[in-house]
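Enquirer: Sequence:
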Amino acid sequence: MIEILNPAKLAQARVTGALVADILQALKSRATVGTNLLDIDRWTQTMIADAGAESCYVDYAPSFGSGPFGHYVCTAVNDAVLHGLPYDYALADGDLLTLDLAVSQGGVAADSAISFVVGESPAPESLALIDATQRALRAGIAAAGPGARTGDLSYAIGSVLSEAGYPINTEFGGHGIGSTMHQDPHISNTGRPGRGYKLRPGLLLALEPWVMEDTDELVTDADGWTLRSATGCRTAHSEHTIAITEDGAEILTLPTQDR
Numbered sequence: 001m002i003e004i005l006n007p008a009k010l011a012q013a014r015v016t017g018a019l020v021a022d023i024l025q026a027l028k029s030r031a032t033v034g035t036n037l038l039d040i041d042r043w044t045q046t047m048i049a050d051a052g053a054e055s056c057y058v059d060y061a062p063s064f065g066s067g068p069f070g071h072y073v074c075t076a077v078n079d080a081v082l083h084g085l086p087y088d089y090a091l092a093d094g095d096l097l098t099l100d101l102a103v104s105q106g107g108v109a110a111d112s113a114i115s116f117v118v119g120e121s122p123a124p125e126s127l128a129l130i131d132a133t134q135r136a137l138r139a140g141i142a143a144a145g146p147g148a149r150t151g152d153l154s155y156a157i158g159s160v161l162s163e164a165g166y167p168i169n170t171e172f173g174g175h176g177i178g179s180t181m182h183q184d185p186h187i188s189n190t191g192r193p194g195r196g197y198k199l200r201p202g203l204l205l206a207l208e209p210w211v212m213e214d215t216d217e218l219v220t221d222a223d224g225w226t227l228r229s230a231t232g233c234r235t236a237h238s239e240h241t242i243a244i245t246e247d248g249a250e251i252l253t254l255p256t257q258d259r
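Quick note on numbering: the UniProt record's numbering labels position 26 of the sequence shown as 26, and the sequence is numbered without any gaps.
Worth flagging that the hints you see were computed from the coordinates, not collected in a lab.
Since this is a predicted model, take the numbers as computed values, not measurements.
Glycine residues also receive a C-beta, built at the ideal position from the N, C-alpha and C atoms.
Treat the hints with care, as some may be off.
Said to hold, decoys possible - Quick list of simulated restraints, FRET-style, between CB atoms:
(1) Pro122 x Gly194: 36 to 46 Å
(2) Glu163 x Tyr87: 27 to 37 Å
(3) Asp223 x Thr180: 37 to 47 Å
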């Protein structure tokens, strides 16, 4: 399903997007050395409930997971990159943590992810991974607008990741979003320009460049959810939900302080 939002729903999408971004920033500020991933999940649950919103994850049970997910935020550490199931683990200095959050409020969902290094000892390689995904995300957003094709966004994202020297996995990527978290069209993290679905005003997309340092192969944990790099290398993931407008693209998942 591809959903085009009317102005009222787009206004609600801005509210949901700000909520997602604000929760992620609050979690980042509290995720310090010694913080347990299960505490991060509990904090997320509380903030979602306090906002009168709903988790898109807790009952999520797609064909590729061992569902339902049963938690409120994805917490991926170091070699984990996607669908990180929170577990009893205390963060260590230098850990590369990715938080991925999707929430629905007022009938509209928003999805975003951030990667950052915990503590005071960031490895240059970890910072480079994060920077590459952030630059790729900006490139994908810059390529978005009415009349652009999904392949234009994929090409922009993939060009940045490839130039940074990282292999690109195409099993998972960006997606449409609206009344539900995952919709068509799929936005691969690499592709050919001029191909794919033509973007229209009112369309919401979640763009999410992610990379692994030295491989494009994923392995699944015994928990049935957490996806890790096959070589044990570090990973990073950045994501924004955007709205296609009459003259470009609007980022919906910016923190309130940055709007």
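Enquirer: Hint compliance check: list the failing hint numbers for this structure, sorted ascending.
Expert: Result: hint 3 breaks, nothing else.
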